[in-house]
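A.B. asks: Sequence:
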Amino acid sequence: MIKIRRFEEPDWIIVWAIIEKVFRSGETYPFSPDITENDAHKVWIEVPTATFVAIDSNNEIVGTYYIKPNQPTLGAHVCNCGYIVAEKAQRKGIASAMCQHSQKEALSLGFKSMQYNLVVSTNETAIRLWKKHGFEIIGTLPKAFNHKSLGFVDAFVMYKWKRWNLWEMCPRRANPEGVEYE
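Quick note on the numbering used here: the sequence shown kicks off at 221 and runs consecutively.
Hints are not guaranteed to be accurate.
What the hints assert, rightly or not - Below, computed lysine-lysine pairings styled on PhoX-like, alpha-carbon distance capped at 20 Å:
1. K308 <-> K351
2. K288 <-> K324
3. K380 <-> K352
4. K288 <-> K380
5. K368 <-> K223
6. K223 <-> K312
7. K223 <-> K262
8. K324 <-> K351
9. K380 <-> K324
10. K368 <-> K241
11. K332 <-> K382
12. K332 <-> K241
13. K368 <-> K324
14. K223 <-> K332
15. K352 <-> K312
16. K262 <-> K308
17. K324 <-> K352
18. K241 <-> K312
19. K288 <-> K382
20. K363 <-> K312
By construction, these hints were calculated from the structure, which means they are not laboratory data.
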């Protein structure tokens, strides 16, 4: 059972350990591999509208995501999210659970759609997952991501307009991932 709740400041030490590894890899997020902890806190905690953590059955934080407007004012009805799962917890449905939760949260915050701005073309696992949840590739940005080991690779813009599935909105009716919402 995965429980997803809002981030609390004491969670930071664990969230930082999870996101630091991914940022430093230079494979999926555009942040400098040399990002400082303070700068990471700003982009993951302070700037977003909200940040959440996923907690496993051992009461350990195993993932995190943020949600924020993708653009200011006239584009603020579209949200953007970023998701990271701890390496030890990957391939257990946590990213899927966070995606479902973020869509429910997006609706409650008044967003009409969701856009992922820079899905790295080599991140095949994420692309498959986002497609599974109804996102479409609406654009390709040629050589838009400077992958740490592969050099310049394409990135995709992925988008979903308010086509939330019923079980994503009503997890108590049908919840195949066993996600507990707070």
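A.B. asks: Does each hint hold? Answer for all of them.
C.D. replies: Hints, one by one, checked against the model:
1. With a C-alpha separation of about 24 Å, the suggested pair K308 and K351 falls outside the 20 Å cut-off, and the hint is violated.
2. Proximity of K288 to K324 is assessed by CA-CA distance (about 14 Å); at most 20 Å being required, the pair is judged to hold.
3. A hinted pair counts as satisfied when its Cα atoms are at most 20 Å apart, and K380 with K352 qualifies at roughly 11 Å.
4. Between the alpha carbons of K288 and K380 the distance comes to roughly 15 Å, so the proposed pair stays at or under 20 Å and holds.
5. Restraint check for K368 and K223: not satisfied, since their Cα atoms lie roughly 33 Å apart, outside the 20 Å limit.
6. In summary, the hint linking K223 to K312 is supported, as the alpha carbons are separated by about 13 Å, within the 20 Å threshold.
7. A distance of roughly 24 Å separates the Cα atoms of K223 and K262; the hinted pair therefore is violated under the 20 Å criterion.
8. Simply put, K324 and K351 have alpha-carbon atoms about 17 Å apart, close enough for the 20 Å limit, and the pair holds.
9. Taking the CA atoms of K380 and K324, the gap is about 13 Å. The hint holds against a cut of 20 Å.
10. Pair hint K368 plus K241 holds up; C-alpha atoms about 13 Å apart against a cutoff of 20 Å.
11. As the CA atoms of K332 and K382 are separated by approximately 6 Å, the hinted pair is consistent with the 20 Å bound.
12. For a cut-off of 20 Å, the pair hint linking K332 to K241 is broken: about 32 Å separates their Cα positions.
13. As the CA atoms of K368 and K324 are separated by approximately 34 Å, the hinted pair breaks the 20 Å bound.
14. As the CA atoms of K223 and K332 are separated by approximately 25 Å, the hinted pair breaks the 20 Å bound.
15. For the hint linking K352 to K312, the alpha-carbon distance of about 15 Å falls within 20 Å, and the restraint holds.
16. Annotation: proposed proximity of K262 to K308 is violated, straight-line Cα distance about 25 Å (limit 20 Å).
17. Among the hinted pairs, K324 with K352 is consistent with the structure: their alpha-carbon atoms are about 16 Å apart, no more than 20 Å.
18. The hinted pair formed by K241 and K312 meets the criterion: a straight-line CA distance of about 19 Å does not exceed 20 Å.
19. Between the alpha carbons of K288 and K382 the distance comes to roughly 16 Å, so the proposed pair stays at or under 20 Å and holds.
20. A threshold of 20 Å between alpha carbons decides the hint, and for K363 with K312 the separation of about 31 Å lies outside it, so the pair is violated.
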